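Visitor: So the sequences go chain by chain: E and S. Residue numbers for the first sequence follow this note's numbering, beginning at 536 and rising by one. Residue numbers for the second sequence follow this note's numbering, beginning at 2 and rising by one.
By construction, these hints were calculated from the structure, which means they are not laboratory data. It is possible that part of the hints are untrue.
What the hints assert, rightly or not - Taking beta-carbon pairs under 8 Å as the criterion, some of the chain E residues facing chain S (in silico):
(1) Ala545
(2) Pro560
(3) Glu579
What the hints assert, rightly or not - Estimated spans, in silico, between C-beta atoms of each pair:
(4) S:Ala42 to E:Ser537: 53 to 61 Å
(5) E:Ala541 to S:Gly76: 21 to 29 Å
(6) E:Thr544 to S:Gly349: 17 to 25 Å
(7) S:Ala251 to E:Glu540: 37 to 45 Å
(8) S:Arg75 to E:Ala552: 57 to 65 Å
Note that the structure is predicted; figures quoted are calculated from it, not measured. Ideal Cβ placement from N, Cα and C applies to all residues, glycine included.
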Amino acid sequence: MSDREARRTAFLESLHAEAVRRFGPARAEALGPMIEVTAGHLAEVASFPLDREEGPAFYTGPGER
Amino acid sequence: MSAAPGATLHELTASEAAAAIREKRCSPVDLAEALLARIDALDSRVKAWALVDRDGARAEARRCAEEAARGTFRGPLHGVPFAVKDIFYGAGLRTEAGSRVLAGFVPAYDATTVARLKGAGAILLGKLHTTEFATFDPAPTRNPWNLDHTPGGSSSGSGAAVAARMVPIALGSQTAGSAIRPASYCGLAGLKPTFGRVSVRGVIPLSWTQDHVGLMARSVEDLALVLRVIAGRDPSDPSTAADPVPDYSAALAQRRAPRVGLLREFFLERCDAEVARVTREAIGRLTGAGAVVEEAKLPPSFGVAHAAGWTITRAETAACHAELYPGKADLYGPAIRGIIETGSLIPGDLYLKALRIRRRFRRELAVILGRFNVLMTPTTPTPAPAGMATGDPVFQMPWSVSGLPTATVPCGLPASGLPLGLQLIAGPFAEAPLLAAAAWCEEVLGRASSPAL
Chain E
536 MSDREARRTA
546 FLESLHAEAV
556 RRFGPARAEA
566 LGPMIEVTAG
576 HLAEVASFPL
586 DREEGPAFYT
596 GPGER
Chain S
2 MSAAPGATLH
12 ELTASEAAAA
22 IREKRCSPVD
32 LAEALLARID
42 ALDSRVKAWA
52 LVDRDGARAE
62 ARRCAEEAAR
72 GTFRGPLHGV
82 PFAVKDIFYG
92 AGLRTEAGSR
102 VLAGFVPAYD
112 ATTVARLKGA
122 GAILLGKLHT
132 TEFATFDPAP
142 TRNPWNLDHT
152 PGGSSSGSGA
162 AVAARMVPIA
172 LGSQTAGSAI
182 RPASYCGLAG
192 LKPTFGRVSV
202 RGVIPLSWTQ
212 DHVGLMARSV
222 EDLALVLRVI
232 AGRDPSDPST
242 AADPVPDYSA
252 ALAQRRAPRV
262 GLLREFFLER
272 CDAEVARVTR
282 EAIGRLTGAG
292 AVVEEAKLPP
302 SFGVAHAAGW
312 TITRAETAAC
322 HAELYPGKAD
332 LYGPAIRGII
342 ETGSLIPGDL
352 YLKALRIRRR
362 FRRELAVILG
372 RFNVLMTPTT
382 PTPAPAGMAT
392 GDPVFQMPWS
402 VSGLPTATVP
412 CGLPASGLPL
422 GLQLIAGPFA
432 EAPLLAAAAW
442 CEEVLGRASS
452 PAL
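Just chain E, with the same shape it has in the complex:
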């Protein structure tokens, strides 16, 4: 299993568990397809290498034109 796939599986489990805790088992079940997509996105984001000095872009700032 690739690192990204392992991460996706881990996110899937943790998001589902949190959904059950917050919204109950029935609602977590209904959210299943969306949780799967979100887990995939989070795995991609988590796996992408970035420099430690890369800060967040909230808005377009001066000097970034």
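Start from chain E and add chain S according to the hints.
Guide: Just chain S, lined up with the frame of chain E:
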């Protein structure tokens, strides 16, 4: 009075109408009445309008006519009607964002964009249907080119109303693909300016760092005219930039064959056969007219741009609705409800990492954009789908997450009878060269005709 020999008033673009009013060839009252009659005749089938402010529009049209008779013109859109997606505040006008959650909500002030258009003399005709909170629970609106098909979303009413000649210009919004996609599905010219170019104050938020105001019209000339009016710093919106606002209309006069970076990878690879064929034919015509078209390569961070964009918007949507949602969950539609709930599960560190990826992506794109006037893709992978689902924003999301300005122009009307478009992308705050390139393409490819309604 007649605007032009043989012209019917509802067919006038905003620029044509403004000129006709200024030259006293057309009365603002006649123009407003013509559009109201058009709405009365067609909207039971198109379903573009959430609210038509007949009394307010008629009163404003009379005022504009009286001022014009005295030789007084408030601005470049004096007497020209416009409409806005029903997430834009209009003082005293019901604004419900397509949701039972906001049933009966009436804002006390105008969105900054609405106020600026009114200040330029434009007349607010009403509010246009949106998918619920500008996400995926569909509006009732149908595509004027084929009523069995979606006009796209989330700015569904904005695209349909302009295409159906019920209003010459409309504002929508785009967080993923909600303005450029419906503009293309409806055969229109559309613009999503750079993030920070146009204020979003008084626009019900979906994602604070990714919401953009979008413009829809039947000509690039109209996009330039409207952008000049609504762009610029808004002290009430901290995301707006203080950069000076150029004369976009003047930039169109300087248009010439652009140097185009064509994005085959990902975009042309994902099109259906009809879109690929029409896109190739359109590029052939542009090249034949003098455009230099070369293949552009996507940067490494493109591969994670969609994931970053959806992570940001999901988390921010959950935050936008954090106060409202718990007490009104049952009033939300299923799609927006799912987005809010899953968005609330996204860990803060990964939300911030997505914002860091956005910055990298923007920087890498700047290097590529330095080699071209514009990048180009098909606007959508398919024509407007049949049914209620509003289509796929996959070709818009990278430019929404990066905040770069994009435009669409019609590029063909294939046998399906559903219009297709070309999407152009430029560097940050490069709306003037973007619109100039779009106008040049429009001149070569032609505007879409009127849908038969």
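Visitor: What are the numbers of the hints that this structure violates, sorted from low to high?
Guide: 1, 2, 5 and 7
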